[in-house]
Amino acid sequence: MTAPEPVSNKGCAIVTGGGRRIGRAIAIALGGAGYSVCVHYNQSGKDAETVASEIQANGGKAMAMQADLSQEDQTQTLVSRTQDALGPVTTLINNASLFERDEVDTVNRTSWDGHMETNLRAPFVLSQAFAAGLGEGLEGNIINLLDQRVKNLTPHFVSYTLSKSGLWTLTRTLALALAPNIRVNAIAPGPVLPSTRQNTAQFEAQAQATPLGRAVAPEEIAHGVLFLLAARSITGQMISLDSGQHLHWSAPGPAPETE
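Mapped onto the working numbering, the consecutive letters of the sequence shown carry residue numbers 195 to 453.
Fair warning: there could be bad hints in the mix.
Below, simulated DSSO-like cross-link-like pairs (lysine-lysine); rule was C-alpha separation at most 30 Å, straight line [unchecked claim]: (1) Lys-255 with Lys-240; (2) Lys-240 with Lys-204; (3) Lys-255 with Lys-204.
These aren't lab readings, by the way, just hints derived from the structure by calculation. Just so you know, these numbers come straight off a predicted model, no measurement behind them.
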């Protein structure tokens with residue numbers, strides 16, 4: 195898949211969770227493509243500052259900005275704070291995510307609310323503020339980072355999976371509600387980087403079990419973002435960048451420790 199050049203007059207992009215992992219790759223790619231970049235973080239301030247400095251060193255414009263997306267008052271002001279610092283916001287990448295394990299019999303109010311607030315409510319609140327603040331005559335884009343689990347359901351990570359499934363529904367709902375000035379799409383990654391509960395061998399085994407037998411590079415996710423930004427006729431769509439992981443699930447058995 196070759197990404198055409200993104201449209202001109204790019205403006206500023208907000209990348210939530212932009213200091214580490216997939217968010218880092220997306221932020222750097224957007225900076226290289228000519229966007230001013232707000233590298234959002236909650237606790238990874240040093241990482242976000244490093245990403246912003248890298249974009250600046252390559253001739254781009256960027257800054258790190260803190261907000262706890264589980265706190266709605268902080269979420270509500272992120273877009274306006276970015277506009278004040280970097281100019282018109284034309285692109286919102288909802289990448290930040292809470293990913294903690296629970297099962298049907300262990301879900302509690304804390305795990306449920308934590309996932310729903312960060313993974314679903316915050317992207318909605320940010321999208322509201324983004325749409326309200328988009329300048330006249332500008333084209334806007336929202337891209338939500340999902341998970342291949344929304345197509346490949348499992349009995350594990352219940353609150354997380356439900357929050358991401360809700361975000362997929364929100365993606366399509368907003369695509370209808372915000373057209374024609376704002377396009378809304380999603381990317382569903384598969385095995386990109388080891389989680390905190392995996393070692394290298396476990397992650398490699400998971401990646402090799404996909405139909406394509408390989409992990410997904412963070413830069414491939416960033417390339418997908420640039421493609422969606424440039425493809426002006428696409429809205430309400432999800433691209434699965436997961437080496438085909440969404441196509442199958444292993445036979446039922448004990449809950450895996452390597453998801």
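Against the structure, the hints:
1. Lys-255 with Lys-240: This hinted pair holds, its Cα atoms lying about 17 Å apart.
2. Lys-240 with Lys-204: Holds, because 27 Å separates the two Cα atoms, which is no more than 30 Å.
3. Lys-255 with Lys-204: 12 Å, holds
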